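S.K.: Take any residue in the sequence shown, count from 1 to its spot, add 710: that is its number in the working numbering.
It is worth saying that the hints were derived from the structure and are not from the lab. Every value quoted in this text rests on a predicted model; they were computed, and no experiment measured them. A portion of the hints provided could be inaccurate.
Unchecked claim - PhoX-like cross-link-like pairs, simulated, lysine-lysine; straight-line CA separation at most 25 Å:
{"hint": "1", "residue 1": "Lys760", "residue 2": "Lys828"}
{"hint": "2", "residue 1": "Lys804", "residue 2": "Lys760"}
{"hint": "3", "residue 1": "Lys878", "residue 2": "Lys760"}
{"hint": "4", "residue 1": "Lys887", "residue 2": "Lys712"}
{"hint": "5", "residue 1": "Lys828", "residue 2": "Lys712"}
{"hint": "6", "residue 1": "Lys748", "residue 2": "Lys804"}
{"hint": "7", "residue 1": "Lys828", "residue 2": "Lys878"}
{"hint": "8", "residue 1": "Lys761", "residue 2": "Lys775"}
{"hint": "9", "residue 1": "Lys826", "residue 2": "Lys712"}
{"hint": "10", "residue 1": "Lys804", "residue 2": "Lys721"}
{"hint": "11", "residue 1": "Lys826", "residue 2": "Lys878"}
{"hint": "12", "residue 1": "Lys828", "residue 2": "Lys804"}
{"hint": "13", "residue 1": "Lys816", "residue 2": "Lys760"}
{"hint": "14", "residue 1": "Lys775", "residue 2": "Lys804"}
{"hint": "15", "residue 1": "Lys712", "residue 2": "Lys878"}
{"hint": "16", "residue 1": "Lys713", "residue 2": "Lys816"}
{"hint": "17", "residue 1": "Lys878", "residue 2": "Lys775"}
{"hint": "18", "residue 1": "Lys887", "residue 2": "Lys760"}
{"hint": "19", "residue 1": "Lys721", "residue 2": "Lys828"}
{"hint": "20", "residue 1": "Lys760", "residue 2": "Lys775"}
{"hint": "21", "residue 1": "Lys749", "residue 2": "Lys887"}
{"hint": "22", "residue 1": "Lys804", "residue 2": "Lys761"}
{"hint": "23", "residue 1": "Lys749", "residue 2": "Lys826"}
{"hint": "24", "residue 1": "Lys887", "residue 2": "Lys828"}
{"hint": "25", "residue 1": "Lys713", "residue 2": "Lys760"}
{"hint": "26", "residue 1": "Lys713", "residue 2": "Lys887"}
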Amino acid sequence: MKKSIFIEDRKYTFSDYFNMTAEVDDIIAELGYSFCIKKIELPCYLDYDKKIIERLNNLYDAVFKNISLSSEFSKREFIVSPLLLELLTIIQIKITTESAIVINDKLAGSFDYLLKGKQNLIVIEAKNADMNNGFKQLAAQLIALDQYEETSQSQLLYGAITLGDFWKFAVLDRTQKQLIKDINAYTIPHNTDEVFSILMGILTN
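Generate coordinates for the entire structure from the input sequences, incorporating the hints supplied.
M.R.: Now the structure itself:
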C-alpha cells in the first residue's frame, strides 16, 4: 500500500502545498483527481477596444523599468491588479481578494484573486518564484473550489498561476474530476493581449 503524502492529524492550508516535495500528480491523485498536461483550447474574447492593451503595456513598461518586483505583493499590486481593473471597465464581474474557505483538514486557505463572471469562475494565484510549486498550490485551490461550489452549473473551473510577467493556465473538468495544465505559457508585456483575451473569454463564456 502506497504511503500517504499527508501527515496524519495535520491540517493543511493552500500555502503548505507550495512547499511539498511530492510531485504534483501524486498530490492531485491523493485528493481524488487525475492530472495531465496538454494544450488547452482556452476561450478567447477579442471584441474589445485594443487601446486597453496599449494602455496596459505603457504602464508595464514604466513598472518594469522603475519598480522593484521582488515580492508577491508588488507583482499583485503593479502587474496583476491593473489587468483586472481594466476587465472591470468592460464586463460585469465580481472580484474578491484573499477570500478564505475551509473544506476539510487538507483543503483550506485563501485565494489571491477569485473572479466570478455570469457563468464561470477563475482563480488567479500570484507567486514570487517557482511556477511548479505554485501550481501545486493552485491545484489544491481548484479542487477545494470544486467541492465548495457544488451547486454551480459550470462544468469547468479555470485557474491561472502567475509570476506577474509569466502566466500559465489550468482547467478543472468537474465531471471527469481531472485537472489539466496548459502546455502553453504567456508573458507580459509580449502576450498581454492574449492573457487579457483569455480572461475575458473565460468570464464571458
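S.K.: Going through the numbered hints above, which ones does this structure break? Give me the numbers in ascending order.
M.R.: 5, 6, 9, 10, 13, 14, 15, 18, 19, 25
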